[in-house]
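S.K.: All chains, full assembly: derive it from the sequences and hints.
For the record, the sequence lines run as chains G and P. Everything in the first sequence is counted per the numbering used here, starting at 15 for the first residue and increasing by one. Everything in the second sequence is counted per the numbering used here, starting at 2 for the first residue and increasing by one.
Each hint can be trusted.
Label-pair restraints from in silico Cβ distances:
{"#": "1", "chain 1": "P", "residue 1": "Arg16", "chain 2": "G", "residue 2": "Val114", "range": "53 to 59 Å"}
{"#": "2", "chain 1": "P", "residue 1": "Lys416", "chain 2": "G", "residue 2": "Ser144", "range": "43 to 49 Å"}
{"#": "3", "chain 1": "G", "residue 1": "Val114", "chain 2": "P", "residue 2": "Ser424", "range": "54 to 60 Å"}
{"#": "4", "chain 1": "P", "residue 1": "Asp18", "chain 2": "G", "residue 2": "Pro161", "range": "33 to 39 Å"}
{"#": "5", "chain 1": "G", "residue 1": "Leu141", "chain 2": "P", "residue 2": "Arg16", "range": "16 to 22 Å"}
{"#": "6", "chain 1": "P", "residue 1": "Tyr420", "chain 2": "G", "residue 2": "Leu130", "range": "48 to 54 Å"}
In short, the hints are calculated from the structure, not lab data. Everything numeric in this text was worked out from a predicted model, so none of it was measured. Where a beta carbon is used, it is the ideal one built from N, C-alpha and C, also for glycine.
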Amino acid sequence: MTSRVLNLVLKRLGIAAITLLIVLFAVFFATSMLPGDTASMLLGQAATPEAVAGLREAMHLNDPAILRFLRWLLGLLHGDLGTSYANEMPIATLIGGRLVNTMKLAGITALLSVPLALTLGITAAMLRGSVYDRTVTILSIGLISVPEFMVATLAVLLFAVYLKWLPALSSVNEAHSLTDLVRIYAMPVITLTFVISAQMIRMTRAAVIETLSTPYVEMALLKGASRIRMVMRHALPNALGPIVNAVALSLSYLVGGVIIVETIFNYPGIAKLMVDAVATRDLPLIQSCAMIFCLGYLLLITTADIIAIVSNPRLR
Amino acid sequence: MSNLVEVRNLKIEARTDSGRLVEIIKGVSLDIAEGEIVALIGESGSGKTTVALSLMGHARPGCRITGGEINVNGKNMAAFSEKERARLRGTDIAYVPQSAAASFNPSSTIMEQVIEVTRIHKLMPPEQARQRAIELFRALSLPDPEGIGARYPHQVSGGQLQRLAAAMALIGDPKLMIFDEPTTALDVTTQIDVLKAFKSVMRAGGIAGVYVSHDLAVVAQIADRIVVLKGGEVQETGTTADILSAAQHPYTRELLAAFEPKPRQIQATGDSAANPLLRVNNLTAGYGPVKPDRQPVVRAVDSVSLVVEKGRNLGIIGESGCGKSTLARAIAGIHPAAAGDIVFDGKDLQRAAGKRSREQLREMQIVFQYADTALNPAKAVEDIISRPLVFYHGLDRQARSKRVDELLDMVRLPKTLRYRHPSELSGGQKQRVNFARALAADPKLIICDEITSALDTVVASAVIELLKDLQRELGLSYIFISHDLSVVETICDQIMVMYNGERVEQITPDKLKAPSHPYSKLLFSSVPKLDPTWLDGLVRDPELVSQYGHR
Numbered sequence: 015m016t017s018r019v020l021n022l023v024l025k026r027l028g029i030a031a032i033t034l035l036i037v038l039f040a041v042f043f044a045t046s047m048l049p050g051d052t053a054s055m056l057l058g059q060a061a062t063p064e065a066v067a068g069l070r071e072a073m074h075l076n077d078p079a080i081l082r083f084l085r086w087l088l089g090l091l092h093g094d095l096g097t098s099y100a101n102e103m104p105i106a107t108l109i110g111g112r113l114v115n116t117m118k119l120a121g122i123t124a125l126l127s128v129p130l131a132l133t134l135g136i137t138a139a140m141l142r143g144s145v146y147d148r149t150v151t152i153l154s155i156g157l158i159s160v161p162e163f164m165v166a167t168l169a170v171l172l173f174a175v176y177l178k179w180l181p182a183l184s185s186v187n188e189a190h191s192l193t194d195l196v197r198i199y200a201m202p203v204i205t206l207t208f209v210i211s212a213q214m215i216r217m218t219r220a221a222v223i224e225t226l227s228t229p230y231v232e233m234a235l236l237k238g239a240s241r242i243r244m245v246m247r248h249a250l251p252n253a254l255g256p257i258v259n260a261v262a263l264s265l266s267y268l269v270g271g272v273i274i275v276e277t278i279f280n281y282p283g284i285a286k287l288m289v290d291a292v293a294t295r296d297l298p299l300i301q302s303c304a305m306i307f308c309l310g311y312l313l314l315i316t317t318a319d320i321i322a323i324v325s326n327p328r329l330r
Numbered sequence: 002m003s004n005l006v007e008v009r010n011l012k013i014e015a016r017t018d019s020g021r022l023v024e025i026i027k028g029v030s031l032d033i034a035e036g037e038i039v040a041l042i043g044e045s046g047s048g049k050t051t052v053a054l055s056l057m058g059h060a061r062p063g064c065r066i067t068g069g070e071i072n073v074n075g076k077n078m079a080a081f082s083e084k085e086r087a088r089l090r091g092t093d094i095a096y097v098p099q100s101a102a103a104s105f106n107p108s109s110t111i112m113e114q115v116i117e118v119t120r121i122h123k124l125m126p127p128e129q130a131r132q133r134a135i136e137l138f139r140a141l142s143l144p145d146p147e148g149i150g151a152r153y154p155h156q157v158s159g160g161q162l163q164r165l166a167a168a169m170a171l172i173g174d175p176k177l178m179i180f181d182e183p184t185t186a187l188d189v190t191t192q193i194d195v196l197k198a199f200k201s202v203m204r205a206g207g208i209a210g211v212y213v214s215h216d217l218a219v220v221a222q223i224a225d226r227i228v229v230l231k232g233g234e235v236q237e238t239g240t241t242a243d244i245l246s247a248a249q250h251p252y253t254r255e256l257l258a259a260f261e262p263k264p265r266q267i268q269a270t271g272d273s274a275a276n277p278l279l280r281v282n283n284l285t286a287g288y289g290p291v292k293p294d295r296q297p298v299v300r301a302v303d304s305v306s307l308v309v310e311k312g313r314n315l316g317i318i319g320e321s322g323c324g325k326s327t328l329a330r331a332i333a334g335i336h337p338a339a340a341g342d343i344v345f346d347g348k349d350l351q352r353a354a355g356k357r358s359r360e361q362l363r364e365m366q367i368v369f370q371y372a373d374t375a376l377n378p379a380k381a382v383e384d385i386i387s388r389p390l391v392f393y394h395g396l397d398r399q400a401r402s403k404r405v406d407e408l409l410d411m412v413r414l415p416k417t418l419r420y421r422h423p424s425e426l427s428g429g430q431k432q433r434v435n436f437a438r439a440l441a442a443d444p445k446l447i448i449c450d451e452i453t454s455a456l457d458t459v460v461a462s463a464v465i466e467l468l469k470d471l472q473r474e475l476g477l478s479y480i481f482i483s484h485d486l487s488v489v490e491t492i493c494d495q496i497m498v499m500y501n502g503e504r505v506e507q508i509t510p511d512k513l514k515a516p517s518h519p520y521s522k523l524l525f526s527s528v529p530k531l532d533p534t535w536l537d538g539l540v541r542d543p544e545l546v547s548q549y550g551h552r
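M.R.: Below you can see the structure in the form of structure tokens.
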């Protein structure tokens, strides 16, 4: 790796850090603009105005927003996410287990969907125009168009209600054996795989087809290379950038966008936690969740960009 | 079977975007003997590349070999399966592409790609293949034959890549090599080295070749026989000497005629010398961040001065990267100069086009090389030409329509073309529309940036004639930028030679035989001549070549 690549990578990381700061700022002020007053929410309808005023004072809600933002930021730097307004528990404890659950679901889905989508995308590109290619294309476009709650509901209807093979709810805590685990994760993972694979298949296919039409792939053909060699050695390495980006974009959905799936299967993940937090005006919790989503997104996109930079031969 | 290659009644069909089937090769037959080099020449779209590729049993996507026989070394490629063809590609028949720069995989080293043929066909162990490749690099007189293989394609110059592509073709010891316009993308001084290298390895190995080109002068240097193609049919076949001296077919004669120099008559000089149309003083332009002394980091044009007189033409000639296009863009204000003055028609011009008055913009127009990208594909020809009529002259619909007809007439295009879109026009027609758009502004000066480079010889010479006629009718001045000396020679009164961002010499066409600057000498002597003995007899001063022929 040359200093030029290192330079570009460092620059990219710098941009990511600046983006993170802007995102934190946006998250903080967006949540403070939520309607309703936290103090009166917490105390309920019977609260006296004096009690509400007292609580506001105690929670520093009267301080200027910028001061609260800086205080929050300082806390983050110390690893202190704050305390939940709703149940006085440290946010870190509330999020901890939920985050692990979400990461588990995301990890299993990624492990299943990425290889599947890449294989389908690459083979469809290789056999462009064939019946196989058209089938993959129609199915993936179909899947993009069907909303996930539809897929999830149909899956529940089929596997849980009619066939009774799988439980309708995914309660992680009841898993005692490997079969239990498989049964619990099967439906959410399949639903999510359906949702995120389509995009990856389409992008991979397009990127590979694009590089397959370049003169250097034709050159490989005229050297007598087999189709597999043309794709694996000549097309794929040059299509890596767009493919990695498509994968990162799709995977980022697994962090923040899984709320519907988590709700339908009653899966105790972080997206569900955030929606519950919105209902109780639990500002620190909302902020922390939003921050984690953004962080996950940023991490994936930055990684994709760095892979694209490092894999670019012109920078070697 | 006596010949190495015998093609009989070859037919190839192509499917157009609208799904229609068109026969693009209509029964071509040709023979190539062992060790013979046959050139396929013709304009773009004549099917020369398609025929050449069919010798490898390959038809580009959308095309299909529908009939005939392609016997290479006793095997009928047309009847083979794709797998059987693949076995012969790279071993029996090898290919040298038009643009080596695009035909090398950017993410793999040169050595890896050169010896790939030996890996695919399991010809020899990799270590032996590497040794063989280094020998070939040496035979093709590449610099640093030991180390060049470890580099990536973007780290090597165009001329070197073209020779590396030949090494890649030679490694499988082919009986037949197919060269697909291998020097078209190169500068003339580089082209000579590449041609010489090709010729010597082909001769040494007794390898037969097919050389696809539209440049008769280049073909004359390397081919034993010439096959002239047009519209997917063979027009004429003959030995190189015969074709050059006694061409039978009218189309071949037309091709040859395009090579005849038609020097421009020197017109009587008026009082224009005292009152030049354009005067550029010490213009500097470049790219990258601006340094504290207000000079750009990369200086593409370095204090160039020039004068264009009224009704006269200035040619600017130089190799790719010499800064000639940047100079044109700086004069037009598209790429504002970093320093220098531009005086147009007696008035100082702002460096940036955005700060010039509309009238000043109108009087100086620029025409770009690629009409394909310069014309909006979504607009009809009449809309494209109407745009400057509205912008500069504020014409109403009726006047506009009349003027569009006039302009189309001026560039010798039928009026009915006005409703067409650029994609429905030929290359020459597009360039004429491109030019008509510049004319619509009623300019005094037109900057032509390589406007004939993307056109075939015959079409280009017709465009040049048109430019001359228009100049006579309208009293225009041109700045004519090109890398092609013969084009500049026919239209310009003064020729400025640029090298490395600087002006090295300015001469008149009648003194072209005796340039004074060493670089001009090298450049002018590198332009191929129709004489088949030209390349072998060419002696170049090695000191000059090492000083200027660095690419």
